[in-house]
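**Q** Chains as they are written, first to last, in my numbering: chain G, 316 to 542; chain E, -13 to 208.
Source of the hints: derived by calculation from the structure; they are not laboratory data. Quick caveat, the model's predicted, so the values are computed rather than measured. One or more of the hints may lead you astray.
What the hints assert, rightly or not - Derived contacts from chain G toward chain E, CB cut-off under 7 Å, selection only:
#1 Leu378
#2 Arg398
#3 Ala407
#4 Pro408
#5 Met409
#6 Tyr422
#7 Ser425
#8 Leu426
Unchecked claim - From chain G, some residues computed to sit far from chain E (all C-beta separations above 12 Å):
#9 Leu496
#10 Leu516
#11 Ala533
#12 Thr541
All residues carry an ideal CB built from backbone N, CA and C; glycine is no exception.
What follows is the residue order along each chain.
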Amino acid sequence: MTLNPPEAAPSTLCARVEEVSKLFGSFAALRQISVEIEIGRCYVLLGENGAGKSTLLRVLAGLLHPSFGKVSVFGGQEPQQARDRIGYMSHAPMLYDELTGQENLRYFASLYPGRDCLSPAEALRQVGLDPNLDRTLGQYSQGMRQRTSLARVLLPAPELLLLDEPFSNMDIESARQMVELLARFRQGNRTIVLTTHQRELAWPIADYVLTLHAGRVASFEAGRPTL
Amino acid sequence: MSRALWIHLVKDLRIEWRSREAINSMLFFALLVVVLFSLAFDPRGSFSRQIAGGVLCVATMFASVSALNQAWAREIRHQVLDAQRMAPTPGSDMFLAKVLANFLFVSIVQLLLAPVFLVFYNLQILGDGWLLALVLPLGTWALVANGTFFAALSIRSRNRELLLPLILFPIFMPALLAMVLATGSIITGDSDPSLWIKLLFGYDIIFTTVSLLLFEVVLHAE
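Model the full assembly from the supplied sequences, consistent with the hints where possible.
**A** Pasting the structure below:
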């Protein structure tokens, strides 16, 4: 099944997923999914637990190889070859509990040599955290960890941003601030694919809404972004 | 030393400095082994010198397993390893930094253990004692280079605590024998340890090179 964005004008693709299936043993997490992702748009993935949202993000990030089918990003590259241009945020913080937010970000920024990264302090300010907070991440609340995690992803200014449940553990106000931040990020012609169970939060930035069910695309609709 | 290697190493040392998980667990375990063996065998005189090398090496080997597992457990605790896999720095730098950090931790434990060992085993070294400063680091490097690699290999397994010693110990056996025999030769002064030292040196080069070459595959394995 091939799904093109409805009412979409032809434009350069950021990623293309062709007939992708992903098996874990005998369990099929993704079943022949085909999707084209345009540059500068925000795609919201919906679906119940186990629908395959996180697996699809990990396949796009190059962290999982598809069992069948093909994934290409940025005009034909395999995701594994372009990982440094992709930002991936999992529902786990992907940071060290023993380091402060700033130390964590400084460490990850230095893993992108030659890249014009945001400064750790600036990235933390962007997500609404105090860069001078002298506490290790283990002492942060869940919401603060989530924001620090987003700051980590934003550091190298990736062209494709993959966010797995970015609003979980966040209060409504913080989630709204995050949506506004993502809207600004998208305006820089960057692409966002995010999964969420809180569709109303992602609605203002959703250019397209993709619903997965049991590893298949159940629906693909155009959104009405307001931001 | 490459910049990325240095960055990984500083991060590992800083985390260990704050948590002291690896050094504390290793130190208590190794101390326990040394004390229990001394109580079980009542080592004195020449008998003490004969078994000392073996006890020291085995205590180090068993104690280091927990540290080696912890080194990678930290990376997968909050999926940090995935963030590192997304970065454009070579995995070999991360591996080498982990080996260096583990080498440092095990060496610190050995240094702290040494006086206790000398007291409990009434040891008087009859050979060239300075050669221990060559044998112990070479043997420790063999242990941590292999151990860090196999800990990474088994980290995604549910039974990793069990799997690591099962894979590591048979492969480490030649180095362990060389380390025990060289240490024994130095302590007793009976024979020349140079053959065992050469063997340890060769073992270190071969296994470190193979681990470095294969690590990228292990890092990105699903």
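**Q** Does each hint hold? Answer for all of them.
**A** Outcome of the hint check:
Hint status for Leu378 of chain G relative to chain E: holds, with the closest Cβ pair at about 6 Å, below 7 Å. Because the beta carbon of Arg398 of chain G sits about 5 Å from the nearest beta carbon in chain E, less than 7 Å, this interface hint is met. The criterion of a C-beta within 7 Å of any C-beta in chain E is met by Ala407 of chain G, whose closest approach is roughly 4 Å, and the hint holds. Interface hint at Pro408 of chain G: satisfied, since its Cβ lies 5 Å from the closest Cβ of chain E, which is below the 7 Å cut-off.
Interface hint status for Met409 of chain G: upheld, as the beta-carbon distance to the closest one in chain E is roughly 4 Å, under 7 Å. Taking 7 Å as the C-beta cut-off, the interface hint given for Tyr422 of chain G holds, the closest approach to chain E being about 5 Å. Because the beta carbon of Ser425 of chain G sits about 5 Å from the nearest beta carbon in chain E, less than 7 Å, this interface hint is met. Hint status for Leu426 of chain G: holds, given a least beta-carbon distance of 4 Å to chain E, under 7 Å.
A cut-off of 12 Å between C-beta atoms confirms that Leu496 of chain G is not in contact with chain E; the least separation is 19 Å. For Leu516 of chain G, the shortest C-beta to C-beta distance to chain E comes to about 23 Å, beyond the 12 Å cut-off, and the non-interface label holds. Interface exclusion of Ala533 of chain G from chain E stands, the closest Cβ pair being 26 Å apart, more than 12 Å. No beta-carbon of chain E comes within 12 Å of the beta-carbon of Thr541 of chain G; the shortest separation is about 31 Å.
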